[in-house]
Structure formats: structure tokens, C-alpha cells
Amino acid sequence: MTYRFRALETFESELRRVVEEPSKRARRRRGWPPTPRRAGWGLAVPVAGVLLAGGTLALAATGVILTGSSVPAAAPVAPSEGIGDPVSSRLLPLQVRDPGGGLPWGMRIVETSRGLVCAQVGRIDNGQLGELGIDGAFNDDGLFHPFPPGVVQSFPGGSTEDGTEIEGGTCILAGNTVGSSRTAWGSAVAAERWGVDQNATSSRGHLSATTSQRRDISYGLLGPHAVRVSYREGSSVHTETVVPGFGAYLIVQPAAAGSDHEGSGEAPGTQTPGEGPGTVGAVTTITYAKNGTICENGYDARNGATVPIANACPPAGAPAPPVHGTQAGLPRLHPMIHLEVRAGRVTAAEISFAAPFPVRSAAQDYYLWSKGCGTRDEGAAAAVFNHDVLKGGIVRLVLKYPFAARCSGAARPVEILFDSSAADARRSPGRPPGQLVLANATIRLPRGDKGADAPH
Amino acid sequence: MADPDGFVPFYQAEAEAVLMFLTRRTLDGEVALELTAETFAQAWLGWPRVRTDSAEEMRAWLFTIARRQLGRYLRRGHVQRIALRRLGLRTPVAHEDDLAAIEAAAGVEAVRPELAAELKRLTADQRVALQLRVIEEMPYEEVAARLGISEPTARARVSRALRAMQHSLAATWGGVR
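Those sequence lines, one after another, are chains B and C.
For what it's worth, our numbering labels the leading residue of the first sequence as 1, then goes sequentially.
For what it's worth, our numbering labels the leading residue of the second sequence as 1, then goes sequentially.
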């Protein structure tokens, strides 16, 4: 079959992969939904029927819920882009009841091939974390769908560590295990996801019509010194101990009334001690114990108010620069600039160069930064190369719509940087620890061409 | 129940028509490709439930799915990859030449001036609300806060603007697939 458009041919190959897969074909011939693993199909139908008809998952709490197919793995990616390590998948000893009953919520961590630790939230059944086939997910089959080991996202193309894609997946919280040890204070991560469907799948495409079917979830890995968290639920304040070692906590509440969308944000506790930059979440107080001393951070992210506490933790303070900033000995970079022009309009600029330093983990990346222009700092933009690359390998950084801002003129200056969070990383003068300025370059608009507007 | 072996030939026969249908209504080849992929992924999930051998009925069923995807896209401002995700399918990525060819085949350039004119016909408050909601993908409460209006009013403005644009698209393309 010949198509006029190559993309259709590419997608036919993708479709064939699914349509012609023997196991799926066999399953389809028996009908939908797939055969449960733990019980005969004859039992599955009435149980699923009861669950759906009753509008409750109460039966699930008794262990009757059946297991369906695994949550699909994301599209395969190269290890240099960061993939979940199946061996590292570890369910944390946390079980939190759902406001509507049924299977409890839980959390597991998955380490990636580039040294990130990813916190993943879902429902727990029989020692596994997964999602439920209700409220539009998995064809409403009423079954439990476990995450396979190492699967950190269920979205195709979403298994890389690129921030944008992680945000779209089920694993949106990732801390760095490299460079800053997991035992350090500064490695904590915390977030809230709101408007999540009670089935634990991403709300994208399954957003339940009623608020009662959605949840607000606060969770995090606060580090080994965290002891307990207090959080607000309505007008009450509750306190829970965290999972020792990881400082893991998980809070599941009914979605706030009137919420009509899903979202996520960073919660307090991300940079400890002294409180993090969080702006969302139910947590109001975090208690730490270090060297026999107990201290607390108190901050209500939902209203910005300080919470009374007994022993305030010392402020975090600025990290000490590891070495004096210098540009001495830096290799000279020769960046190539290639413009993408469509119908006389520049839509992107690709800056490529041979890597002067290798990137071996998520602790390092190449970064491109372009300042905004005008009084409103319009058009500020950045691009990041966060794949592993050998020394001398080609790094490509793509700046989208470089001339979209009206004030950008015909020349767009950019800075090419190398960031490293290793303890002994070098830095350029006036830069934060670990940040090296490799080169300055200018993207120029060819005569006769115009800058394309960004599509927002 | 439709024969599983018939799905790939069905795709081969209809993919381009669906792509053109969606390109003419989104004016964006890249978005149309994503919507086409999601349409066929949804179609494959529903394939076991198809109870007809009529090519015309199957085509009508497929375009119903495509219209539903288009409606979701217009309401939400982004493509939902529900079935693609469930099946673990990668979204097709088109080279810029391919995109240009898709948009040229769909005659997108010819209709852009008409749509620009149609946008201008929207009231200023509708146009701004539509931009914030659909282009900048803001939730309604943020649109409302930004414009200093209530959330129901923001919803009403966006809804009216979208309806006006949909009428424009329908009038422009008529029964064209």
C-alpha cells in the first residue's frame, strides 16, 4: 500500500504491531474484556457487573476484585533517554483508604536508567500497584490492572525523563539519586495531584463527571530525616508517620468541590529544611529528626499562612559553592545553527555541537537559554538536552519559535550551558554551583524571512 | 463481529480520507495526524463490537469516531490520546515536507483568510476567552480570574465562540470529507 503521506505509512506499521500481535489477537477472538488471571471468566462477569451497577468498590476491599491485563508499557525508548528499571520497582509500606472505599491507595518507587527515582501512585491489590477499570478506564471492565515492574508511565512516548512527558504520565514526581545522595536533605520531592480519577489512571481522557469520583492526592519522598507529616482535612488536622528511610507519605482526599480539571504542583517540603517552594497540597507541617534534634516546618500551601510550630527548623541557607568560578581550561565550542523555515517563516533553530563533556546520568545536562526582550521580558526560552551522550557525541538543542516575540528583532542571542549537580562540579564566574557557560551564540533571521508566531 | 484481519485494509482504505477530514477542520496537519491516529486506535478498540459488513456503514461509524475526537479537541484545546495510550501506540511524527503536503492536499491555505475573518467577527471578549481557554489551555477558573468574570460567564463566552467557529467551519467545508 502506498500512501501520499509518509506519516500514515508509519502509523500503519504501528497499528500492525498491535493488530497482528498473536496474544492480543487470541484474546480478541474470545471477546472483551480480557481473561482475568486469578479466576475463571464465569466469575468475572457477575463480579464486574456488581461493581459497576452498585457504583462502589466495596467488594474490592474483600479481595474479590479480579486482575485484568497489565497497564500498557510506554513506547520503547533508548536507555540513554532514561527508562524504568524493573528490578528497582519497590512497593512502599503505605496503604491509604479511599474516601469511597474499595482497594486502598499505595505508592511505589521505580529507579530509571539515568539515576532518577520516580514515585508512582495507584491502587493496591495483592501486593501490586495498578489502576482500576472503572469510570471509563479499561472499557469499564471492573478489573484491577497492575503496573508491570519498571513501568513508570502508561503513556506512549511518555517514558523518557523529559519533564514535559513525565508530567503527562502517571509518574510525575522524580527525584535525582545521582550527585546528591538520596540520604541528603536536598533530595526531597513532594507534590499534589488534584482532580485524579478514583480509578488511579490519569484523568486525561477519563475525567469523571462528578467531583465525588475524583481525588486530590498529596504525596512525596521527604528524605530519611522526615518523621511525620500533619495535613488538613476539612477543618481538622491529622498527623501520620512517614515511611522510614524514604520519608514517604501519601494523602488521598475527595477532590475539592467545584474543581473541573486535573492538575499538579509542587508541595512544601521539597527543599528541606527551612521549607520548600511548594504552592499546593494538604500538608501543613513536616517534622524532621536529625542527630537527635527534632524540628518542624509549618506552612499551609492552600492559603499561604504560616502554621504555628514548636521548634522551627533552621533555614536552608544558600549552598556553598564547591569551587571558585573560572572559565580557564574550557574547550572552545563550535556550535552549528540550523534554522527550520516553513513558508518563509522561521519556526525553530537547532543548535548542535560536539559534547565537550559526557552526560552519564540525569545529574548532568546541556542547556540553552535565551533571555526575553522588551519591558515584559517577552520570548524568554530554553531548551534542554537530557539524554546520555559520550564526549564528542553530537548534542542538539532546539529552540522553538526563536523570533516569535515582536521585540526580538533579527538577532537572538543564546547562551549554551552545561549543568552538573555532582559535588565537585565546576562553575563559571557568577554562576550557581555546577553551571558552566560553554559559549554564547546568536541566531540570525535570514534576510527576507520572518519569525513564525508561537502557537502557545 | 468484524474480522480482525480486515482492520489494516480498512485503515488503508480510509486513513487518508479521515486525515483530510480532520485537517480541513483543524487547519493543522500535525493535530490532524494525531487525531487520525487516535481515531483509528479507538476504532480498533471498538472493532470487536462492529456488527456490519456494509462498507458504507463502517465508514459512517469511523467518521462518527473522528467527529467525536474533533469535538473533544475543540472543547479541550488538545488531543486526547486515550486509545493510543491504552494500546501503547506511538503517535505518528511527520516531517515538515509531509505536513506541508498534507495541508496542501487539504487546501488549508485557501481557507485561512476566511477563518481569520471569522475570528474577527467574534466579539472581542469571546475572542480573548477563546484564546485563553483553547490556545493557552487555561482552566476555566483561570480564564475567569484573568478576565475578571465569573466562571459560568467564562464558560459561556468560550462556548459561544466555539459554536460560532464550528458553524464557520461547517459552512466553509459543507459536506466535504
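Hint data in this document are derived by calculation from the structure and do not stem from the laboratory.
Owing to the predicted nature of the structure, the values given are computational and were not obtained by experimental measurement.
Treat each hint with caution, since some may be false.
Computed spacing ranges between beta-carbons, pair by pair [stated by the list, open to error]:
id, chain 1, residue 1, chain 2, residue 2, range
1, B, THR210, C, LEU147, 20 to 30 Å
2, B, GLY101, C, THR52, 13 to 23 Å
3, C, SER150, B, GLY292, 33 to 43 Å
4, B, ARG406, C, LEU147, 21 to 31 Å
5, C, ARG146, B, GLY101, 33 to 43 Å
6, C, ALA124, B, LYS450, 46 to 56 Å
7, B, ALA380, C, GLN131, 33 to 43 Å
8, C, ARG121, B, PRO429, 50 to 60 Å
With the Cβ distance kept under 10 Å, some of the chain C side facing chain B (calculated, not the full set) [claimed, not checked]:
id, residue
9, TRP47
10, ILE82
11, LEU89
Quick reminder that beta carbons are idealized off the backbone N, C-alpha and C, glycines included.
The hints, checked one at a time:
1. B:THR210 / C:LEU147: 20 to 30 Å: holds (27 Å)
2. B:GLY101 / C:THR52: 13 to 23 Å: violated (41 Å)
3. C:SER150 / B:GLY292: 33 to 43 Å: Once the Cβ atoms are compared, 54 Å apart, the range 33 to 43 Å for B:GLY292 and C:SER150 is violated.
4. B:ARG406 / C:LEU147: 21 to 31 Å: Holds: the Cβ-Cβ distance is about 23 Å, inside 21 to 31 Å.
5. C:ARG146 / B:GLY101: 33 to 43 Å: holds (39 Å)
6. C:ALA124 / B:LYS450: 46 to 56 Å: Taking Cβ atoms as reference, C:ALA124 and B:LYS450 lie about 26 Å apart, which means the hint is violated.
7. B:ALA380 / C:GLN131: 33 to 43 Å: This hint is violated: roughly 20 Å between Cβ atoms.
8. C:ARG121 / B:PRO429: 50 to 60 Å: Given a distance of about 56 Å, which is inside 50 to 60 Å, the answer is holds.
9. TRP47: holds (8 Å)
10. ILE82: holds (3 Å)
11. LEU89: holds (5 Å)
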